[in-house]
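Throw the hints in and build the complete structure from the sequences for me.
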Amino acid sequence: MLMRLLCEVSIAQKTMSAIKGLIGSIIILIILGLVGCVRPTGYTKSASSFLTGVKGYGYSDKRINDDEFSIVVLGNPSTSKARAAEIALLRAAHLTKEQGRTNFVIIKQKTETTEKAVTMSVPLFVGGVLVPVPVGERTDKEPMAILLIRPLPPQPAYPPDALNAAEVIEHLTKHLE
Amino acid sequence: MLWSKVGTNELHEALRLSLSQYGFLSTSDVAAPFRLEVFLIELKQPPGGYTLIVTSFIRYKLTRSRDDQVVYDDVITASYKATMDDAFAAIHRMKLANEGSIRANIAAFLQHLHSLNITKSLIQ
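Chains as they are written, first to last, in the numbering used here: chain A, 1 to 177; chain B, 1001 to 1124.
Certain hints may be false.
Restricting the straight-line Cα-Cα distance to at most 25 Å, the calculated cross-link-like pairs of lysine-lysine (DSS-like) are [as the list claims (entries may be wrong)]: (1) A:K62 x A:K97; (2) A:K81 x B:K1081; (3) A:K62 x A:K45; (4) B:K1005 x A:K55; (5) B:K1061 x A:K108; (6) A:K141 x B:K1095; (7) A:K110 x B:K1005.
If you are wondering where the hints come from, they were derived from the structure by calculation, not from laboratory data. All of these numbers come straight from a predicted model, not from anything done at the bench.
Now the structure itself:
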């Protein structure tokens, strides 16, 4: 009787372990599915990781000298280079307004497709704990847009290549929503 | 922070060494006919992983001192991939990837300088 009970307990434990493994796999499949359907990067400021300092997706900007600014946009793999460029342009327009200016000129513009190696792992139960086991690597393509701009001081007539910040904001805000 | 960064001073020092090595750097600060401004726009680093790919975006602006005419102004992009074969420790791999990316970027700029036919020993 005792042996039979121990046997049943052992079978129940094995069944539970198998169910746990199945649930783990389902969770991973759901996560993979969600990653596959990820939306393109929107107009959002990139956040830096506290631990590594690595910037996330979105825009960032900094002053490079007295009157020039650089704007960098990193898009996720679902983002096109054109969209990254538009996010950079929209940020340039907002930055111009923040500087109390109405118009700006583009000094340099560049889009690039950068690579990021991503480690792929499979979850396995080891001693009752779900442990990710690396099984390989894939390379993701991430678009980047670089824009160097100069907000222009007020003047009677702006140069022909100057862009009006308000117009850019009006056009691109709707487009990027 | 866990990952090493590249500062402006380190970039300037690396560039100064490269320009000097290839004979472009002026020996006199006063009479240099060309002035070079360099700015690290972005150093794209991965959050982690076995293979670490770092991409650098550096702006190089070369101005002729005589008339302040800009003879070269561009943002150069260069990447470097560091794998487990290079270093087991991720921190060391990242350092190698950073240095490799900056080195490749400066090398690309030197190629442009050669194509500009800038006379050597003239850059400040």
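- Task: Of all the hints given earlier, name the ones this structure violates by number, lowest first.
- Result: When the structure is compared with the hints, none of them turns out to be violated.
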